[in-house]
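Taken in order, the sequence shown gives residues 99 to 375; the numbers are from this note's numbering.
Wrong hints could be hidden among the right ones.
To be verified - Within a straight-line C-alpha distance of at most 20 Å, the following computed SDA-like cross-link-like pairs (lysine to any residue) qualify:
(1) 298 <-> 352
(2) 252 <-> 264
(3) 310 <-> 372
(4) 364 <-> 311
(5) 168 <-> 273
(6) 341 <-> 217
(7) 133 <-> 244
(8) 133 <-> 162
(9) 341 <-> 193
(10) 133 <-> 159
(11) 298 <-> 199
Honestly, the hints are just simulated from the structure, not real lab data.
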Amino acid sequence: MAKVFITGGAGFVGSRVAKLFVDRGDEVFIFDTFKQYLIPNAEATPPNLLLRLRGFMDKIELVQGDTLNKDHLRRVLNRIKPDIIIHMAALPLAFMAIEHTEDAFQSILGSTVNFLEILRDFEHPCRFVYTSSSMTYGDFVTDPVTEASPQNPKEIYGSFKLAGEIVCRGYMRCYNLDLAIVRPSAIYGPFDANQRVIQKFIARALSGEAIKVDGDGSMRLDFTYVDDAAQAIFLVGTHPAAKGETFNVTRGEARSLKDVLDVIQKEIPELNVQYGP
């Protein structure tokens, strides 16, 4: 039985990863601010966060904390002595990174550096998994996109995620850390409360609102179901051969926005889609 420490473990993907480790019989610790990024001033824990943990909350330890508080993070890690760390806590939305650049920098890069600084002197050996993003690639210039494809992010979020990868590799080489990197892509599924594209489409369809799409809907994304992404991250955290490696976490087949809307329209025939500039 391993001790598993998951930052952002109450989140959309982190909660699914936590459940996989619980099902394996591991001792799971969730470290989370228990805040929702789209409701930054909410005092109470948003109900959807607790719903994500329903059914296994009695099998985990919840620790409220912020990865930017390095002293508190160090104390918690020294107490738990985890065998596996899955670092998923960070601002999850690209448009918010544009609007709140300094917060995004601290959330994505500052928190990661805090972990690496602690781990360089950490006496208990552990696997550290850094959650990056497919947005580090920018425009895809190869088909398929492999882990060795050029990385040229187009905006702030992908740039900070790429910077985190570079810092992780530097620490890994200098301090011989057991580290792996994952790059998820366009994750969707139940309990997503962060206004990603599929969630927004479905919400508007159910409410009868028109869905406005820039262009003709030909933009393609490699949509990945949340449980598939969680399974991949779980494997990277547990497989010995993952040490030092980087993994794309994707469905492996890009689909257009029009494809997505066609699927939704099969279930909601009255869907109103407006394509245009």
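Are the Cα atoms of residue 168 and residue 273 separated by 20 Å or less? Status holds; Cα separation ~19 Å.
Check the hint pairing residue 298 with residue 199 against an upper bound of 20 Å on the C-alpha distance. Violated, at roughly 24 Å.
Quick one, are residue 364 and residue 311 close enough, alpha carbons at most 20 Å? holds, 18 Å
Assess, step by step, whether the Cα of residue 298 is no farther than 20 Å from the Cα of residue 352, and give holds or violated. Between residue 298 and residue 352 the Cα gap is close to 19 Å, so the pair holds against 20 Å.
Is residue 133 close enough to residue 162, meaning Cα to Cα at most 20 Å? Holds, at roughly 10 Å.
Are residue 133 and residue 244 close enough, with their CA atoms no more than 20 Å apart? Since the Cα atoms of residue 133 and residue 244 sit roughly 34 Å apart, the hinted pair is violated (cutoff 20 Å).
Taken at face value, is the distance from the CA of residue 193 to the CA of residue 341 at most 20 Å? violated, 32 Å
Is it true that the CA of residue 341 sits at most 20 Å from the CA of residue 217? holds, 15 Å
Is the straight-line distance between the alpha-carbon of residue 133 and that of residue 159 20 Å or less? holds, 17 Å
Restraint status (C-alpha distance of residue 252 to residue 264 at most 20 Å): holds, 17 Å
Quick one, are residue 310 and residue 372 close enough, alpha carbons at most 20 Å? Satisfied, since the Cα-Cα distance of roughly 5 Å is no more than 20 Å.
Consistency note: the structure conflicts with the earlier hints numbered 7, 9 and 11.
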